[in-house]
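Can you build the whole structure from these sequences, using the hints too?
As you go down the protein sequences, you meet chains A and B in turn. As numbered in my numbering, residues 1 to 451 make up the first sequence, in order. As numbered in my numbering, residues 1 to 315 make up the second sequence, in order.
Treat the hints as calculated values from the structure; they're not laboratory data. Errors might be hidden in some of the hints.
Said to hold, decoys possible - Distance condition first, Cα-Cα at most 27 Å in a straight line; then the derived DSSO-like pairs of lysine-lysine:
#1 B/K79 - A/K434
#2 A/K88 - B/K65
#3 A/K196 - A/K315
#4 A/K171 - A/K299
#5 B/K79 - B/K65
#6 A/K434 - B/K65
#7 A/K171 - A/K183
#8 B/K157 - A/K88
Stated by the list, open to error - Covered stretches of chain A, as calculated for chain B (at least 3 residues, CB under 8 Å):
#9 113-120
#10 397-410
Predicted, not measured: the structure shown is a model, and the values here were computed from it. Built from N, CA and C at the ideal position, the CB exists for glycine as well.
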Amino acid sequence: MGRAMARRRFLALGGGLALTGGLSACASPVVSGLTGAQPNTADVLFWNLFTGGDGANMVLMEDAFRKAHPGVSLEATILSWGNPYYTKLALATASGTPPDVGIAHLSRLPLLAASGLLEPVADTGVTELGVTPDRFTPAAWRKATVDGTVYAVPLDTHPFVLFYDVDLARKAGLLNAAGDGLKPMSGKEAFLDALKAMKDAGAQYGAVMSITADPSTAWRCFSMVYSGLAGPVVSDSGTRVTIDDAAMEESFAFLRSLTSGGLMPGSLTGAGANALFSTGKAGFLFDGEWQIPAYRLVKGFHFNVVPFPALLGPKPVAYADSHALVVPRNSGRSAGRTHNAALLIKSLLDDSAVWAQGGHVPAWLPTQRSRAFLDQSPQRNYVQAAFSAVYDPVAWYTGAGSDFQNTVGATIIEVLAGRLTPKGGVAAMRADLKRYTTARPPVTMKEGATR
Amino acid sequence: MTTVASTRPASTPSRPAALDHRTPSSERRAGLLLSAPFVLVYLVFVIGPLLIGVVVSLFNTTTVKSGLGEWVGLSNYTKVCADPLFWQAMWHSVLFTLFTTPPLVVLALVFAVLAARIRRGRVFYRIAFFAPYVVPSSVVALIFLWIYTPQVGLAPKFFHAVGLPVPDFIGSTSGGWTAVVLMTLWWTFGFNFVLYTAAIQDVPSDVYEAAAIDGAGPWQQIRFITVPLLGRTTSLVLILQILASLKVFDQIYLLLGGGPDQSTRPVIEYIYDTGFTSYRGGYGAAATLIYFAVIVAISAVWYGLRRWRATRAAA
Chain A
1 MGRAMARRRF
11 LALGGGLALT
21 GGLSACASPV
31 VSGLTGAQPN
41 TADVLFWNLF
51 TGGDGANMVL
61 MEDAFRKAHP
71 GVSLEATILS
81 WGNPYYTKLA
91 LATASGTPPD
101 VGIAHLSRLP
111 LLAASGLLEP
121 VADTGVTELG
131 VTPDRFTPAA
141 WRKATVDGTV
151 YAVPLDTHPF
161 VLFYDVDLAR
171 KAGLLNAAGD
181 GLKPMSGKEA
191 FLDALKAMKD
201 AGAQYGAVMS
211 ITADPSTAWR
221 CFSMVYSGLA
231 GPVVSDSGTR
241 VTIDDAAMEE
251 SFAFLRSLTS
261 GGLMPGSLTG
271 AGANALFSTG
281 KAGFLFDGEW
291 QIPAYRLVKG
301 FHFNVVPFPA
311 LLGPKPVAYA
321 DSHALVVPRN
331 SGRSAGRTHN
341 AALLIKSLLD
351 DSAVWAQGGH
361 VPAWLPTQRS
371 RAFLDQSPQR
381 NYVQAAFSAV
391 YDPVAWYTGA
401 GSDFQNTVGA
411 TIIEVLAGRL
421 TPKGGVAAMR
431 ADLKRYTTAR
441 PPVTMKEGAT
451 R
Chain B
1 MTTVASTRPA
11 STPSRPAALD
21 HRTPSSERRA
31 GLLLSAPFVL
41 VYLVFVIGPL
51 LIGVVVSLFN
61 TTTVKSGLGE
71 WVGLSNYTKV
81 CADPLFWQAM
91 WHSVLFTLFT
101 TPPLVVLALV
111 FAVLAARIRR
121 GRVFYRIAFF
131 APYVVPSSVV
141 ALIFLWIYTP
151 QVGLAPKFFH
161 AVGLPVPDFI
171 GSTSGGWTAV
181 VLMTLWWTFG
191 FNFVLYTAAI
201 QDVPSDVYEA
211 AAIDGAGPWQ
221 QIRFITVPLL
231 GRTTSLVLIL
241 QILASLKVFD
251 QIYLLLGGGP
261 DQSTRPVIEY
271 IYDTGFTSYR
281 GGYGAAATLI
291 YFAVIVAISA
301 VWYGLRRWRA
311 TRAAA
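The structure is reproduced here in structure tokens:
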């Protein structure tokens with residue numbers, strides 16, 4: 001009996017030892033997983049969603065931070081873009097294990113802020129490092145403000161812009177005297193004439209855009225046209241449909257006039273648009289500036305990028321979004337970690353001329369006005385677009401890559417392809433939006449914002 | 001593995017015998033203790049979450065804030081039922097089941113019978129057919145994504161080489177269904193194959209001997225002995241396959257993302273999208289429970305049919 005007990009105790013002891021040994025061997029992940037604490041694998045944890053060219057630029061900026069702050073270890077994690085990223089960021093923060101700094105699109109900010117997931121920028125200590133409102137593009141800073149509190153530090157503005165083929169534009173007589181831009185134009189007639197001139201100059205199409213299975217691009221283009229005439233399509237934090245029927249019908253009719261007259265194909269994939277534009281078969285390309293690096297790779301192809309002119313309204317409008325830096329809320333974060341987070345944010349801002357290589361307009365004015373950025377062409381051409389930027393309407397469901405963009409984008413694609421009339425498009429859009437405005441919001445925007 | 005037990009009729013008569021004379025209490029306690037680890041895990045990870053799900057579905061709970069949120073009664077359920085996208089997603093799950101169940105059952109049977117009749121290298125074929133099943137879905141999806149990729153993938157190149165029109169595997173609805181069904185066939189067919197292989201080994205060899213003496217050829221042996229004797233296994237494989245196919249999520253999510261334009265999105269992805277991506281936990285829970293009720297109903301109908309057939313056969 002006594003021997004049996006002794007053996008059992010020995011085994012228990014051994015098991016316990018083995019367990020503690022195992023735990024201490026891989027201490028941080030296992031223990032932090034069991035206790036639900038933030039993994040303490042580096043002095044500052046940074047999450048982003050950048051791959052490709054943007055990803056490479058971000059790595060350069062991270063390396064610059066490591067060089068400038070040799071005592072602070074930085075761990076950067078890249079997660080897949082869009083919904084998966086935001087799901088992870090929100091759930092990690094809600095469960096108390098967020099990164100110290102994360103990237104967020106400003107269009108996605110309202111819900112994150114209203115859920116109380118973000119630290120107000122004033123509490124992160126970046127203000128002391130010189131990050132103040134007057135040193136940012138006003139439109140971006142406004143969008144980073146939710147109900148009076150600033151929750152994000154804008155890194156850039158990335159507008160929807162007008163690419164043009166320089167050789168075709170010269171033939172079509174659209175270039176200005178200096179040859180570094182287009183002759184000023186304004187209004188839809190002038191714009192249609194420019195597309196026709198491109199076609200007459202030998203292009204197969206006046207313009208191309210990625211349409212098929214690309215609802216986000218369709219929404220960006222539509223949003224830009226419509227915003228020239230009317231306000232946001234939903235208001236009151238996304239609980240009320242506020243469509244201006246006449247303005248929307250006019251916008252749809254204008255877009256449809258591009259595709260019905262043969263100036264622009266009504267259905268074309270992203271790869272198709274790329275192929276047509278880069279081989280001189282299309283005069284203009286409607287797309288985001290982030291496509292610039294892709295076209296740079298095409299040998300012997302001369303293109304330039306400018307902001308869209310005023311189309312239906314009196315003033316030019318640019319549809320845009322911004323990448324911003326946020327500090328997810330974590331009650332257990334030490335003051336030292338918060339300071340490291342602030343240092344990283346400041347360093348990324350100071351280095352945003354590198355970021356601009358990807359086509360983006362730095363939101364940090366010291367960089368935006370620096371030689372390092374102003375020497376970058378065509379990026380310097382469309383800085384104005386960052387100032388006339390219109391973002392997604394404020395709601396819990398809007399933002400980059402959201403279901404909302406997919407849904408309304410699908411309707412816009414139907415209109416562009418001619419399967420829906422402009423009038424039918426307005427009705428379909430109203431039905432799309434009703435789906436979201438009548439759904440019960442997961443968080444009350446006002447309540448969360450005032451906390 | 002379960003099949004081996006269920007195909008043996010011996011287990012059924014033992015049940016009334018156990019009921020007749022009561023088991024001693026010490027033995028019952030031992031039984032309880034021995035099953036305790038499983039019961040505990042079952043309570044914590046199945047019954048517990050289910051009950052939490054029921055509670056959460058009655059509130060406007062969100063995944064980004066702690067607490068239940070406000071009480072909304074049954075309105076989550078009425079909203080799910082009124083959402084056409086939910087029923088579309090339900091239909092996609094059913095469609096996937098219709099596409100995959102027949103080939104997965106028939107092909108598994110055919111190949112199990114063929115593999116059992118092979119003289120040499122039987123073990124090799126069994127392992128070769130079962131091996132894909134143990135590969136994680138993410139790896140399978142990655143491999144097939146490369147195979148299906150336009151321009152550079154193996155499948156488009158093959159179609160191009162033989163001069164056939166190249167289907168758009170990832171970008172179109174019909175291509176997407178083809179892609180995901182073919183991938184599922186290759187990936188999960190091994191499980192049914194193993195169930196059938198085990199059942200075939202349970203068929204006594206004297207039956208074949210007797211048939212051979214009566215002059216039955218191989219095809220007649222398969223048709224009149226193997227297939228009928230596998231009847232119970234077939235009904236088990238069928239229901240397991242239907243339930244597994246209705247639960248489809250990872251292949252479609254990883255390969256197609258539910259696209260193009262949500263035209264292949266299965267109901268579990270709808271639940272994921274609303275409950276996690278849109279942070280509407282309560283709504284997602286309500287959708288889950290409606291889907292759960294459907295699955296339970298299908299299982300119950302199947303169970304009832306089997307019992308009805310069994311009693312009719314016994315009478």
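Now for the hints, and whether the structure bears them out:
1. B/K79 - A/K434: holds, 13 Å
2. A/K88 - B/K65: Since the Cα atoms of A/K88 and B/K65 sit roughly 14 Å apart, the hinted pair holds (cutoff 27 Å).
3. A/K196 - A/K315: holds, 22 Å
4. A/K171 - A/K299: Since the Cα atoms of A/K171 and A/K299 sit roughly 20 Å apart, the hinted pair holds (cutoff 27 Å).
5. B/K79 - B/K65: holds, 22 Å
6. A/K434 - B/K65: holds, 25 Å
7. A/K171 - A/K183: The given pair, whose Cα atoms are some 13 Å apart, holds under the 27 Å limit.
8. B/K157 - A/K88: Cα-Cα ~37 Å, so violated.
9. 113-120: It holds: at least three residues are needed, and the stretch 113-120 of chain A offers 3 whose Cβ sits within less than 8 Å of chain B.
10. 397-410: holds (count 4)
When the structure is compared with the earlier hints, a violation turns up for hint 8 alone.
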